[in-house]
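Participant: Chain residues, written in single-letter form:
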Amino acid sequence: MTATATATATAVPVRDREPAGLRVRRMSGQVGWAVLAWVVGIAFFLPVLWMVLTAFKPESAAQTWPPKFVFSPTLAQFRLVFSGWGPYVTHSLIATTVSTVLVLALGVPAAYALSVHPVPHWRDGLFFFISTKMLPIVAVIGPLYVIALKTHLLDSIWVLIILYTAMNLPLAIWLIRSFMLEVPKEMLEAAELDGAGRAREMTEVIMPVISPGLVSTALICVIFAWNELFLALNLTTTNAATLPMFLISSVPQEGLYLAHLSAAATVASVPVILVGWIAQRSLVRGLSMGAIK
Amino acid sequence: MTVIEDLAPPPEVEVKPRGISRRERWQLRLPLLPALIYTIVVTQIPFLVTLWYSFQSYFWNTPAPAHFNGVANYKAVFTNPAFRGALVRSVVMTATAVIVAMILGVLLAVLLDRKFLGRSIVRTLIITPFLVMPVAAALVWAGPMLDPQFGLVNWLLQPFGVHHVAWLSTHALGSVILVMIWEWTPFMMLIVLAGLQSQPAETLEAAKVDGAGAFATFRELTFPHLRPYIELGILLGSIYLVNVFDQVKAMTQGGPGTATTNLPYYLYQQVNNAFDIGGAAATGVVTVILTIIVATFALRMFARVFQFEEA
Amino acid sequence: MASVKFVSASRVYAKDAPPAVGALDLDIKDGEFMVLVGPSGSGKTTALRMLAGLEPLDGGRVEIGEKDVTFVPPKDRDIAMVFQNYALYPSKTVAENMGFALKMQHVPKADRERRVREAARLLDLDDQLLDRKPKALSGGQRQRVAMGRAIVREPKVFLMDEPLSNLDAKLRVQTRSQIAELQRRLGITTVYVTHDQVEAMTMGHRVAVLRDGQLQQCDTPRQLYDNPVNQFVAGFIGSPAMNLQTVPITDDGVQLGGTTLPLPAAVSAAARQAGLHELVLGIRPEHLHLADGSGELRGEVLLVEELGADALLHVRLAGSGDPVVARAEGRKPPAQGQPVTFNVQTEDVFAFHPETGARLAG
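Residue numbers (the numbering used here), protein chains in the order written: chain A, 3 to 295; chain B, 136 to 446; chain C, 32 to 393.
You may find that some hints are simply not true.
Some but not every residue of chain A turned toward chain B, in silico, with C-beta under 8 Å [said to hold, decoys possible]:
no.: 1; residue: I44
no.: 2; residue: F58
no.: 3; residue: T66
no.: 4; residue: F73
no.: 5; residue: G109
no.: 6; residue: G197
no.: 7; residue: L249
no.: 8; residue: I275
Treat the hints as calculated values from the structure; they're not laboratory data.
Just so you know, even glycine gets a beta-carbon here, dropped at the ideal spot from N, CA and C.
Construct the complete structure from the given sequences, taking the supplied hints into account.
Facilitator: Pasting the structure below:
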């Protein structure tokens, strides 16, 4: 017996045979879900939206009741911010980039020594690094101030660079290590058979494979260094004050400058927000120290 | 065919595992050393200095040099209600924020796990609170959002009978915790979402065929699968949140009174307001010891949690 | 126990692309073991998932036990499925895995445990395995747990999606016969998907061959072997595969191996009617009988594969391009490079249309 497709094709498409009740429930379920998700999304985003909106207001429009949604926008607040932020943003940029470069320079070899060709007791090494992350820097801030004073590093950009590097290094090591562990073992063995020494192995096999991972690591370090307030507040005043300090100081004791501070907040946050939006996937990996891929 | 005459047993050869030579050992260690030495110097030296000063009486706004005063600083720490208060407040703030953020995070992750129109946009909107500079966010919440006269929150809550509440005066702790939750829920959501998306689709289909509805599937399969992710989120969140400082400084400066003074802010005050290096050092040492105790449990959990990803 | 019917069932993924499953008509009797076989992309797994309710239909309908189940959710179809990667619940023990569906049906605990134990015994699963989690089991054990999970339910239909593909060769052969035996004993209608034609031939009561979403032929294994309806089925079923070569037609037959092979009358007539100048000739390896120099077809041995009982000769025939494979006695096969001759019986020869692949005068 053979069978061929003698098409006794049902003329009515499947969609229209769907029982009415089922279809209503399915569609309303889908719509309801989407609506709920959008409401939640907007609710979370609302303060950010309000911040950006207020940044474009003249101060008079920011201090109204009820709060204004319609007004004539102005760039005056931004102009104020840009006229004042010069040294602060420069210090932020320097501290962030230099510390991140240092973190990568120290972290890549360290991660290598804890993953591809592990040292004996590599587990202890890993846990030492993460333990430094767990001990609160706040606990040692007093003596840290005294040390900085006595080594003439107080209020210098270098004290921030040194401390930010130490702050981000454990995170970077765990992260880079997780990327190095993903390099296929066969690739490394093939390189070894081809006569590659340690250095060649690193530059020609490992680095190309993990370079996207290094970018994510760098982004995470940048985010944490850029946003850091506590150390900057305690150890710098004028010569090395960073952007977070600028924000704190734009809240004067007298009077309320809602629009001005919104503009400052917006300007300070935009870089990290953009970076985070673009690199969402790396964000999860970075925050979980490489645990979640 | 030849016959093998000599059937003497083969000579005994001692087989020893080949160890790593000294040179090789140093070759392996070398790349690690710069980072290791750097970290030890920068993190341990301040701690040792802190330990040193904790036994001294040293106020840096007076000309008197530091002098040894035994365990007086430690006595002060343990008898000082301000320290105990800060400790309690730290625990309350951290625990509340972590738990609420995790619960919301799970709900949001479930919400975002299903496809719908504009799903990636909604996801981007939800993670934004986490990306805003914490100081910036705190200032925006303190001002344009929660201001008693001009704040958006009061306006939004008007239909619910709320009138010009001075949030940072009457509900200071709650406000700070609210901002912490707002900032960290996206973090919890991302971790749980990664967990949800790592569930093999086949297993969920098998559950469908086996007769499990949506709730049963979540309870029996998804939640056990999520446990390590939830644990990781709570662990990491606690580590980050216990050190929260920016929000307290920007919104309430620890007040009103000491209502929102947590341990980091208390230490900051000791250094900046009381200029008491000795006292701050002792407080710091006690904090570190407490942290070590908690961290030992946490590290063990961390190890377990990392096994599951490497398995 | 129930019959299964696909009535013009279709599944389309992209609007302008050919359907994944195109108007499938298949009638599976109650208690039958039906195998869906075909290369990857043939739509066999999609068809199975449509039956399970895991894929929606874009056309036609699916029936279980004479009832239209097209819109019935999987859990209400009274089916059980064995997935290719087993899909065991990792957080549950073996016993909990097997009893899960019963738990969802609120079967009392005592009954559940009894049925789980019975199914475990049926599948040779040790009692001590019942308390272990899937990750502590071997591949073969996991496969049996997946089967146990399906058996325990006593459903109307078993669905199996390439359940043996992750096992090593020896285990595969062993488990194959166990599954066939089990189905015979339980008598439950089974729809089994595989890409391996040996599994299809040895296990199924009937086999449905699919290609690019279209059903090619549905028949007993014997019929598929002896009476393939087109070139694809002829080449797919049987190992080693049937020799297929395009040959020119002459007045007396076709040209092959330096000689003219006569065609059965019906085939010649069909070829003439279709106005063909060439056709695709199909001869199974065992139908090329090695003759001692007196055979009609001449060729040279390229390669000898000795299998012990048989030998497979790869031969280049005189005057043609691709080598053919012939089956010979294992004891003293010809040597490589040796010239050989073959005889073939006219009724063992298949002919297919060179363009459509349809069998000429089947």
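Participant: Identify whether the interface hint at T66/A stands, where standing means a beta carbon of chain B within less than 8 Å of its own.
Facilitator: holds, 6 Å
Participant: When the nearest CB of chain B is found for I44/A, is that gap smaller than 8 Å?
Facilitator: Because about 7 Å separates I44/A from the closest Cβ in chain B, which is inside the 8 Å limit, the hint holds.
Participant: Can the hint on L249/A be confirmed by a CB-to-CB distance to chain B that is less than 8 Å?
Facilitator: holds, 5 Å
Participant: Any CB of chain B closer than 8 Å to the CB of F58/A?
Facilitator: violated, 12 Å
Participant: With a cut-off of 8 Å on the beta carbons, see whether I275/A makes it to chain B.
Facilitator: The hint holds - I275/A has a Cβ within 8 Å of chain B, the shortest such distance being about 5 Å.
Participant: Should the interface hint for G109/A be scored as holding, given a Cβ-Cβ cut-off of 8 Å against chain B?
Facilitator: holds, 6 Å
Participant: Let me know if the C-beta of G197/A comes in closer than 8 Å to any C-beta of chain B, holds or violated.
Facilitator: Result: violated, 17 Å to nearest chain B Cβ.
Participant: Taking the least C-beta to C-beta distance, is F73/A closer than 8 Å to chain B?
Facilitator: violated, 13 Å
The earlier numbered hints that this structure contradicts are 2, 4, 6.
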